[in-house]
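K.L.:
Each chain, letter by letter, is given below.
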Amino acid sequence: MNGDVGRTGMAQSILREISLALSVLAATGTRDAIDLRSLPLTLADREELEAALGRGDVGVVLEAAGKSEIWETRFTGVWWLRHFGGDGRVAAEVIEVTPVPDILSAHPEDISAAATRMAAELEEREHV
Amino acid sequence: MSETGTIGEALIAQGISRRSLLKYTGYLASILALPPMASRAMADALASAKRQSVIWLSFQECTGCTESLTRSFNPTIEDMIFNLISLDYQETLMASAGTAAEGAMQAARTANKGKYVLVVDGSVSTGAGGVYSTNAGKSNLETLKEVAADAMAVLSVGTCAAFGGIPMAKPNPTGAVPVSEIITDKPVINISGCPPIPEAIAGTVAYIITFGKLPDLDHLNRPKAFFGDSIHDRCYRRPFYDKGQFAKSFDDEGARNGWCLYEVGCKGPVTYNACATLKWNGGVSFPIQSGHGCLGCSEPGFWDRGGFYKPLSAAVMGNREIIGGAAVAGVAAGAASVALARKRRAAALAAQAAASAAVVTQEKTP
Amino acid sequence: MTLLDFARGPALTFAMAVFVLGVLWRLISLLGLPWASDKTARRIGAPSDVKAAITGFVRHMWVPKAMGQTSTFAMINGYIFHLGLAIIVFGFAQHILVLQGLFGVHWPGLPTSVISVAAIVTLASLVAALVRRVTSPVMRLISTVNDYFTWAITTAPVLTGLLAVSHLGARYETLLAIHMLTIAALLIWFPFGKLMHAFLVFLTRAETGISYGRRGVKI
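Protein chains in written order, with the working numbering: chain A, 1 to 128; chain B, 1 to 366; chain C, 1 to 219.
Calculated directly from the structure, the hints in this document are not laboratory data. Any given hint could turn out to be false.
Stretches of chain C that chain B covers, calculated by requiring three or more beta carbons in the stretch to come under 8 Å of a beta carbon on chain B [to be verified]:
#, region
1, 3-14
2, 26-32
3, 94-106
4, 172-179
Beyond 10 Å from chain C on every Cβ pair, some chain B residues (computed) [what the hints assert, rightly or not]:
#, residue
5, 16
6, 35
7, 44
8, 213
9, 224
10, 234
11, 258
12, 269
13, 341
14, 350
15, 353
Subject to a maximum C-alpha distance of 30 Å in a straight line, what follows is the list of computed DSSO-like cross-link-like pairs (lysine-lysine) [unchecked claim]:
#, chain 1, residue 1, chain 2, residue 2
16, B, 138, B, 115
17, B, 186, B, 115
18, A, 67, B, 50
19, B, 343, C, 39
20, B, 310, B, 343
21, B, 279, B, 310
22, C, 65, C, 51
23, B, 310, B, 224
24, B, 115, B, 243
25, B, 279, A, 67
26, C, 194, B, 343
27, B, 186, B, 170
Computed from a prediction, not measured in an experiment: that's the story for all the values here. We put the CB at the ideal spot given by N, CA and C, even for glycine.
Excised from the complex, chain A in its bound form (with noise of 0.2 Å):
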């Protein structure tokens, strides 16, 4: 017993605001994302969203804190976060209509930190 009714009509006012933020960052370039977890979503609804946007280009499987799946939809520039948390479960689910979500790009503080790490390393080899 889920309380799952069946479709609401949920799915449809996501796609539309989808396609009014994706036509907005095709303008002006503004970033936009929908939170799905704050969504009161039945399972059936959110089974219809994800058909609807299908699967892109792109498909990501992330390890940190956790797995997450990341995936462009057949719409480019859309994209579906889903982030595991313990027992598999989802914690958080996002839309972002983005050209590439933040949480793919490599932040300076830990390019920084890797290129450290990297010289050191190299530096310890040449000393062995």
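For this one, chain A is given, so just place chains B and C on it according to the hints.
P.N.:
What follows is chains B and C alone, placed relative to chain A:
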């Protein structure tokens, strides 16, 4: 021990990428009902913030609140909270004991004077000077006053700390009171629930660290992000309530059909918490979804409200003795009025008879 | 103790006690009064007292056309809000629970939407009754504080109940507490004001019926 570096530095030192932080702030934005686009700014703010020193004191409690927060053993998104805070003292979790443990607390208090967050679970015993609950030779009352004095804010975690809880239930033998009754000169945030939702505890702490201020609170000092809606308002069984379809018992047709549990005592309409949206055990279920009405555990006095299975609309003290007594009194008052009226009438008739007799006598004696 | 706890507990208990005490007191003292015997001669062919009483009650359920349109309006309007109140009190699941708690019997409730419509119609009807009372010169002349107060104390629970169901104006627990307190006020006022007609209507109509039947007055 508190570290001096920023959270960003600490994460790099532990080999945790900024992606993890970004993922966590996205998750936080979701549970705090903030716009999802805020997650990047939150991640930047957290990376440059210092780890928040937290001192956790446990008083008259059952450790359920600590269990609630630490229930997960896998390194997951929810555990990121422990990278944001420096839990300097927590009796249940800390490895050290005795004077070493007390020493750790003193050190944290001195190093972060006026900056640490004090988390309290459990109510404070005030009866007989607080001797009902002591630790390290000190009463909880004494410890609370002392440690709260240098805290930035106090987080009352769980209904015991927030509103007194089960220890305060009648007849309250230990003189238990909520933390807010002792600490009146500092912000006290209540995160009620028996136990509170772990996301509500972690989310509130994360909010304080990220934004450097306290979240918006309701009239009972609970964060509105988690306590803004009633269970009833967000309940998936609400359509059955509106249609007037109610389960009459826990094993009837209505119960099996998943109808509204109002008639079997659900307190959802007067209970403010996020159970219906965040749910429990990582979003698996919550009491109503599991077929039991809401007990109202995040509300003050839920323990003394006249029966968990009594419907909300039913009067709780519709005492038969009192109503019966009133009926007897009513009958007696009615009978007395009748007796009085009859007596008056008899007296009036007698007076009339006497008067007419007098007239007859007068006529007879010219 | 919160306002809701006060309303659910001591306030309603006290109000119910006053209601029971007051109603029994008034009914017993009224019925136990010494009756003046009717010394007039019974007309030939007069119906029995019981028959006359029943006829009196039934015939007073409508007003003859001859009494004019405003009387007809008042009668129909009266039926509307009385029927509306009955639907709300006996048809709303939450109210049935209260009655079940008091008397142990229960019956299926109506959908909340039906009750809401009934409550809105009842409220409109009550407002119409008040408008008629203040606009008609005759009604105004014979209206006392008792009438206006009784109107207010009848309307208040309907209004507060509607607000509570639709979560308007305040938090639900506050609205529910206020609603329960208005019921408590109604119960306390009931035996001592015009609301007592709920019991006395049977006595007055029967008595009038008997008296008219004996004398042959057409009703």
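K.L.:
Please go over all the hints and tell whether each is borne out by the structure.
P.N.:
Quick rundown of the hints versus the structure:
1. For the region 3-14 of chain C, the stated coverage by chain B holds: 7 residues have a C-beta nearer than 8 Å to a C-beta of that chain, and at least 3 were required.
2. Coverage of the region 26-32 of chain C by chain B holds in this model, with 5 residues showing a Cβ closer than 8 Å to a Cβ of that chain against a need of three.
3. Only residues whose C-beta sits within less than 8 Å of a C-beta in chain B count toward coverage, and the region 94-106 of chain C has 7 of them, enough to reach three; the restraint holds.
4. For a cut-off of 8 Å, the count of residues in the region 172-179 of chain C with a CB near a CB of chain B stands at 3, and the three-residue condition holds.
5. Distance check on residue 16(B): its Cβ is at least 42 Å (rounded) from any Cβ of chain C, clearing the 10 Å threshold; non-interface status holds.
6. The beta carbon of residue 35(B) sits about 26 Å from the closest Cβ of chain C, which is more than 10 Å, so the claim that it is off the interface holds.
7. Once the 10 Å rule is applied to beta carbons, residue 44(B) is consistent with being away from chain C; the minimum gap is 37 Å.
8. The Cβ of residue 213(B) sits about 25 Å from the closest Cβ of chain C, beyond the 10 Å cut-off, so the non-interface label holds.
9. Annotated as non-interface, residue 224(B) keeps its C-beta farther than 10 Å from every C-beta of chain C; the closest such distance is 12 Å.
10. Chain C leaves residue 234(B) outside its interface by the beta-carbon criterion, the shortest separation being 13 Å against a cut-off of 10 Å.
11. Every C-beta of chain C lies more than 10 Å from that of residue 258(B), the closest at about 17 Å, which supports listing it as non-interface.
12. With 10 Å as the threshold on Cβ separation, the claim that residue 269(B) sits away from chain C is violated: the shortest Cβ distance comes to roughly 5 Å.
13. With a least beta-carbon separation of about 5 Å from chain C, residue 341(B) fails to lie farther than 10 Å from that chain, contradicting its non-interface assignment.
14. Every C-beta of chain C lies more than 10 Å from that of residue 350(B), the closest at about 14 Å, which supports listing it as non-interface.
15. Residue-level check passed: residue 353(B) sits 16 Å from the nearest beta carbon of chain C, beyond 10 Å.
16. For the hint linking residue 138(B) to residue 115(B), the alpha-carbon distance of about 24 Å falls within 30 Å, and the restraint holds.
17. In summary, the hint linking residue 186(B) to residue 115(B) is supported, as the alpha carbons are separated by about 12 Å, within the 30 Å threshold.
18. For the hint linking residue 67(A) to residue 50(B), the alpha-carbon distance of about 27 Å falls within 30 Å, and the restraint holds.
19. Restraint check for residue 343(B) and residue 39(C): the C-alpha separation of about 23 Å stays at or below 30 Å, so the hint holds.
20. Using a Cα cut-off of 30 Å, the hinted pair residue 310(B) and residue 343(B) is violated, with the two alpha carbons roughly 49 Å apart.
21. Distance hint between residue 279(B) and residue 310(B) is fulfilled; the C-alpha atoms sit about 24 Å from each other, no more than 30 Å.
22. At roughly 24 Å between alpha-carbon atoms, residue 65(C) and residue 51(C) fall within 30 Å of each other, so this suggested pair holds.
23. Between residue 310(B) and residue 224(B) the CA atoms are separated by roughly 28 Å; this keeps the pair inside 30 Å, and the hint holds.
24. Proximity of residue 115(B) to residue 243(B) is assessed by CA-CA distance (about 52 Å); at most 30 Å being required, the pair is judged violated.
25. In summary, the hint linking residue 279(B) to residue 67(A) is supported, as the alpha carbons are separated by about 21 Å, within the 30 Å threshold.
26. Taken as a hint, the residue 194(C) and residue 343(B) pair is honoured in the structure, with Cα atoms around 28 Å apart against an allowance of 30 Å.
27. With a C-alpha separation of about 28 Å, the suggested pairing of residue 186(B) with residue 170(B) holds against the 30 Å cut-off.
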